[in-house]
Amino acid sequence: MTGSLLYTNLNIYLFVAVFLLGAGILGVIYRRTLVGMLVSLELIMNGAGLNLVAINSLLVGDNAYGFVFTLFIMGLAAAEAAVALGIIILIFRRYGHIEGAELAELKELKD
Amino acid sequence: MNFAELVFIAIICFTAGGALLAVLARSIIHAMLGLVATMFGIAGLYIYLNAPFIAMMQILIYVGAVTILIAFAIMLAGPISKRPREWTTRGKFAGALGVSVVSTFIIYFFLRAAFTVSGQRSEITTAEIGRVFFDKLILPFELISLLIVVSIIGAIMLALLSKGQK
Numbered sequence: 001m002t003g004s005l006l007y008t009n010l011n012i013y014l015f016v017a018v019f020l021l022g023a024g025i026l027g028v029i030y031r032r033t034l035v036g037m038l039v040s041l042e043l044i045m046n047g048a049g050l051n052l053v054a055i056n057s058l059l060v061g062d063n064a065y066g067f068v069f070t071l072f073i074m075g076l077a078a079a080e081a082a083v084a085l086g087i088i089i090l091i092f093r094r095y096g097h098i099e100g101a102e103l104a105e106l107k108e109l110k111d
Numbered sequence: 112m113n114f115a116e117l118v119f120i121a122i123i124c125f126t127a128g129g130a131l132l133a134v135l136a137r138s139i140i141h142a143m144l145g146l147v148a149t150m151f152g153i154a155g156l157y158i159y160l161n162a163p164f165i166a167m168m169q170i171l172i173y174v175g176a177v178t179i180l181i182a183f184a185i186m187l188a189g190p191i192s193k194r195p196r197e198w199t200t201r202g203k204f205a206g207a208l209g210v211s212v213v214s215t216f217i218i219y220f221f222l223r224a225a226f227t228v229s230g231q232r233s234e235i236t237t238a239e240i241g242r243v244f245f246d247k248l249i250l251p252f253e254l255i256s257l258l259i260v261v262s263i264i265g266a267i268m269l270a271l272l273s274k275g276q277k
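Chains S and Z, in that order, give the protein sequences. Just so you know, the numbering used here puts 70 at position 70 of the first sequence, and the rest follows in order with no gaps. Just so you know, the numbering used here puts 132 at position 21 of the second sequence, and the rest follows in order with no gaps.
For reference, chain S alone in the conformation it holds in the complex (with noise of 0.2 Å):
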C-alpha cells in the first residue's frame, strides 16, 4: 500500500484477478453450453496468470519464476483449449448438441 502511483498498487491487481476468478465461477456455473463453460474456464486462468505476474513483479523482484509460470498457465490452457475443441466435436456429433446438463451417459448402451 505503499505506492504512490496507482499502477504500483498489488490490491488492484489483486481485485482485477479475483474479479476475473468470480466471473469464472459464474460463467461455469450458469452457462448451459459447454462452448459457454470453456470461456469461463478462460477467464479463470487469466486471472491466476495476473495474479502471479502482479505479486513476482511487485513483491519479489529479484527472480523471473512468475513470469515462467505464467507462460506454463499460457501452455497449459492452450492445450486444455485443444482437447475441449475436440470433446465438444465428439459431443456434437454424438448427441446432436452441447448442453452440459444434459449429458448423463458416458458409456454407450447396450441393446
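Keep in mind the hints are simulated off the structure, nothing from the lab. It cannot be assumed that every hint is accurate.
[To be verified] Which residues of chain Z face chain S? A few of them, derived with a C-beta cut under 8 Å, are:
no. : residue
1   : Phe119
2   : Phe125
3   : Ser138
4   : Ile139
5   : Leu144
6   : Val147
7   : Phe151
8   : Tyr157
9   : Met186
10  : Ala188
11  : Ala207
12  : Ser214
13  : Ile235
These numbers were taken from a predicted model, which means no experiment stands behind them. The beta carbon of each residue, even a glycine, is placed where N, CA and C say it ideally should be.
Mind docking chain Z on chain S? Use the hints.
Frame of chain S, contents of chain Z only:
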C-alpha cells in the same frame, strides 16, 4: 493523477467489462468477443507490470490461438439458431451469483491479508525469463511441449477417428 493512471483505470474498466460480457452475453459469439477484450486488457496490465514479453505472449497465445479454437468450436457445433439458450433459470443464476460473490470475497480477503506491501515494479528482462526457463526449469518446459503434442494428437483422435451418430 497523471495520464498513465487514467489509462490504467481505462484498461481495468475494459477488462472488467469484457469479463462481464463474456459471462453474461446471450449470444456465444458476443461472449467470445468479450473474452478477446479481457485478454487485451490483461495484456495492457502486464505492460503496466513491466512484463512486455508476457503481454506479447498473452496476445499471441490467448487471442491468436485459444480464441480461434473457441471460434472453431462455436462454428463446428452446429447452427447457432438451433442452440439452446445460454440463460438458465433465475434461481440457478441467483445461486451461481451467490457462490461466485462469496468465494470471491473469501479469496480476496485471504490475499489481502497475506500481501499487504507493494513496492516498486521489478526490472526483469526477457533474457532473465529465458535464463530461468533453460537453467532451472528445463524439465517442466520440455514436459509442456510434450503435453501440447499429446493434447493435439488426442484432439485429432477424438475429432476424426471416433464413431459418428449414435
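Going through the hints against the structure:
1. Phe119: Constraint on Phe119 (chain Z) satisfied, holds at 5 Å.
2. Phe125: It is violated, given that the least Cβ distance between Phe125 (chain Z) and chain S is near 11 Å, above 8 Å.
3. Ser138: Cβ of Ser138 (chain Z) sits 10 Å from chain S, so the hint is violated.
4. Ile139: holds, 6 Å
5. Leu144: With a minimum Cβ separation of about 10 Å from chain S (threshold 8 Å), the hint on Leu144 (chain Z) is violated.
6. Val147: violated, 10 Å
7. Phe151: Since the shortest Cβ distance to chain S is 11 Å, the answer is violated.
8. Tyr157: Holds. Min distance 6 Å.
9. Met186: Status violated, d = 10 Å.
10. Ala188: holds, 4 Å
11. Ala207: It holds, given that the least Cβ distance between Ala207 (chain Z) and chain S is near 4 Å, below 8 Å.
12. Ser214: Holds. Min distance 6 Å.
13. Ile235: holds, 5 Å
Comparing the model with each numbered hint stated earlier shows that hints 2, 3, 5, 6, 7, 9 do not hold.
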